[in-house]
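**Q** Sequence:
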Amino acid sequence: MKFDLFPVTVSPEVSARLPAPSAVPDLSRRSWALSLLASGVLAGCGFKLRGSQNFAFTSIAIGPNPGGAVVQELRRSFGGAVQVMDADVPQTQAQVVLKVLGEQREKIVVGMNSSGQVREFQLRLRVRFRLDTPQGRELIEDTEIMQQRDISYSETAALAKETEEALLFRDMQSDIAQQIQRRLAAVKQIR
1 MKFDLFPVTV
11 SPEVSARLPA
21 PSAVPDLSRR
31 SWALSLLASG
41 VLAGCGFKLR
51 GSQNFAFTSI
61 AIGPNPGGAV
71 VQELRRSFGG
81 AVQVMDADVP
91 QTQAQVVLKV
101 LGEQREKIVV
111 GMNSSGQVRE
121 FQLRLRVRFR
131 LDTPQGRELI
141 EDTEIMQQRD
151 ISYSETAALA
161 KETEEALLFR
171 DMQSDIAQQI
181 QRRLAAVKQI
191 R
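According to full-length UniProt numbering, numbering within the sequence shown proceeds without interruption in unit steps and concludes at 191.
No lab work stands behind these hints, which were simulated from the structure alone. Bear in mind that the values here come from a model prediction, so they are computed numbers and not experimental data. Errors might be hidden in some of the hints.
What the hints assert, rightly or not - Label-pair ranges, simulated between beta-carbon atoms: (1) Gln-53 - Val-89: 15 to 25 Å; (2) Ala-33 - Gln-178: 35 to 45 Å; (3) Ala-185 - Arg-128: 46 to 56 Å; (4) Arg-128 - Arg-170: 12 to 22 Å; (5) Asp-86 - Glu-162: 32 to 42 Å; (6) Thr-92 - Ala-166: 49 to 59 Å; (7) Ala-158 - Gln-179: 26 to 36 Å; (8) Val-89 - Ser-39: 45 to 55 Å; (9) Gln-83 - Gln-178: 44 to 54 Å; (10) Gly-80 - Ser-35: 29 to 39 Å; (11) Val-89 - Ser-31: 52 to 62 Å; (12) Gln-179 - Pro-134: 17 to 27 Å; (13) Gln-53 - Glu-141: 13 to 23 Å.
Glycine included, every Cβ here is placed at the ideal spot set by N, Cα and C.
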């Protein structure tokens with residue numbers, strides 16, 4: 001069945017440059033075969049999509065600052081894989097205790113123009129944490145993770161740059177939460 005809603009007249013010069021109708025299905029078969037070959041190569045090299053993390057524990061308490069931005073991101077990202085204990089529940093009821101020792105935001109000037117006006121900032125987010133058992137046995141020693149992003153600045157777009165800065169900090173929080181999760185998943189034994 002062929003639908004010609006908008007009939008088009010093509011000059012002989014243009015129609016000579018168009019591919020023959022029989023060549024078009026060949027191209028789609030060829031692209032289909034190449035995509036099948038590419039997926040076979042990716043599967044053969046061990047590539048797979050990252051699934052959910054496997055943890056050696058089923059419950060975690062997060063402290064001492066349960067309201068921090070990275071902590072909130074961690075709570076969301078655990079999903080149903082691990083039960084995150086509420087702040088009012090004693091930490092001894094959890095299998096492990098994640099202690100967020102510090103969360104620090106920095107905004108550093110890295111570029112100025114000839115008249116001394118700021119043109120570029122570097123945003124940094126540092127998070128220090130450790131993982132212990134409720135009895136105090138150290139599973140992950142004090143660790144610091146830092147993310148940084150560069151952002152240009154213009155006085156004429158100050159409000160837009162504030163929004164961009166907030167988005168970059170949110171992106172860094174998400175990255176750090178994922179890195180912490182990967183480090184927690186690397187703990188194989190909690191006893």
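**Q** Broken hints, numbered, in rising order?
**A** 3, 6, 9
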